[in-house]
Structure formats: C-alpha cells, structure tokens
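Asks: Residue numbers (the numbering used here): 1 to 167.
Quick caveat, the hints were computed from the structure, so don't treat them as lab data. Even for Gly, the Cβ is constructed at its ideal location relative to N, Cα and C. Incorrect hints may appear among the rest.
Estimated spans, in silico, between C-beta atoms of each pair [to be verified]:
#: 1; residue 1: L46; residue 2: G119; range: 21 to 31 Å
#: 2; residue 1: H70; residue 2: L142; range: 30 to 40 Å
#: 3; residue 1: L150; residue 2: T49; range: 38 to 48 Å
#: 4; residue 1: S45; residue 2: G119; range: 16 to 26 Å
#: 5; residue 1: T49; residue 2: F151; range: 35 to 45 Å
#: 6; residue 1: V152; residue 2: S45; range: 46 to 56 Å
#: 7; residue 1: V99; residue 2: A161; range: 46 to 56 Å
#: 8; residue 1: E14; residue 2: A92; range: 28 to 38 Å
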Amino acid sequence: MIAVLLALQAYAVEPQTLRFEVAVPPDEPFSTFTIDLTRLGDTTSLALTDDVTLEDISAIPYDGVFVGSHTAAWSRYVVVQLSGVSLDGEEAILYVGIVRTDNVRLSVLGWQVLRSGDGYIARRVAGAYPGNAPQIVGGMPLVVASGWGLFVLVYGMWLVAQRREER
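Make a model of the complete structure from these sequences and hints.
Replies: Next up, the structure:
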C-alpha cells in the first residue's frame, strides 16, 4: 500500500503533458479547432494546428490531423470542450466531456470529426489518424488476406525445398 501511495505521489510531482489530436476527413469544411481545457480548476484555451511547430516535430503537416499540447501538474481527469470553426466562419461545439488521462508523463487524447445529421460531432478515439477511419478498417480484410497468401506461398516453397532435399 505504501508503494502505491509513493508512486501516486511521484505522479503528482511530475508535470504531465496532454497531447490533443483531432482527425478531420479531407472533405470536411473545418479550418481551425480550439480546445478549452479545465485542469485542476484552471481553464486554458489551446489552438490546434495542422502544421509542424517547433514543440511538436512528430506531426505531419497538412495531413488532416490537428494537434496541440498542454503541460501542467498531473491530473487524473480533465474537462474538455472541442470547438471547430468552419470555412465560412461558423463555430460549432463538437465535444464536451470529462476525459480520463493515463498515469504517464505524456497522455494522448484523440477525436475524430464525423458528420451527424445536418451538423458535426467529435468522437473520442484512441489515436487520431489521417483520412477516413472507416475506409482504413474496410481495407483490413485485403491486408489480412495478402498476409495469409504470402505465408502460404512461403510455406509451400519451403515444403518443396524440403522434398527436393529428401530425394
């Protein structure tokens, strides 16, 4: 029990970075995104960008994934409001909720923007990826079938080589 308390105290002392990622399909009309973050009673507004900044060199410029980060004292839960501004200047609130963070120094929080009726919503995802996630998932059977086909081909070639060695 003491070890658990000491581990939690270490997390409380170390700063925690929250990385925010918002994936937008290429045909969606959003130009900017803003995160209003409430963390341990302090509210901060973050502008997410789709280009490479000096603080975040892991981002790919103009891939449809808007990123931003915030570093502060460790917090298990944060309140997040994600807003997007469309190309015609209209602001839409896409997500509001309490988000649980991980017990690590860097926690990635991701969303995917989806069309919902006549508006848009943002759905929480484990990681934001460029493009349309349903298209990626739809292509997985082809990838798996290709992998199995390659495995069977290599296994067949190995069996033929074993048979030739026996003669």
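Asks: Is it true that L150 and T49 lie within 38 to 48 Å of each other by Cβ?
Replies: The hint (38 to 48 Å, Cβ to Cβ) holds, given that L150 and T49 are roughly 40 Å apart.
Asks: Do the Cβ positions of V99 and A161 conform to the proposed distance bound of 46 to 56 Å?
Replies: Taking Cβ atoms as reference, V99 and A161 lie about 55 Å apart, which means the hint holds.
Asks: Note whether the CB distance of V152 and S45 lies within 46 to 56 Å or breaks it.
Replies: At 55 Å between Cβs, range holds.
Asks: Take a look at whether the Cβ-Cβ distance between L46 and G119 falls inside 21 to 31 Å.
Replies: The hinted range 21 to 31 Å holds for L46 and G119, with Cβ atoms some 23 Å apart.
Asks: For the range 35 to 45 Å, tell me whether the beta carbons of T49 and F151 fit it or not.
Replies: Roughly 42 Å apart at Cβ, these two residues keep to the hinted range, so it holds.
Asks: Holds or violated: the 30 to 40 Å window for the beta-carbon distance between H70 and L142?
Replies: Because 39 Å falls inside the window, the suggested range holds.
Asks: Does the Cβ distance between E14 and A92 fall inside 28 to 38 Å?
Replies: 36 Å, holds
Asks: Given a hinted range of 16 to 26 Å, is it respected by the beta-carbon distance of S45 and G119?
Replies: Cβ of S45 to Cβ of G119: about 22 Å, so the range 16 to 26 Å holds.
Checked against the numbered hints given earlier, the structure satisfies every one of them.
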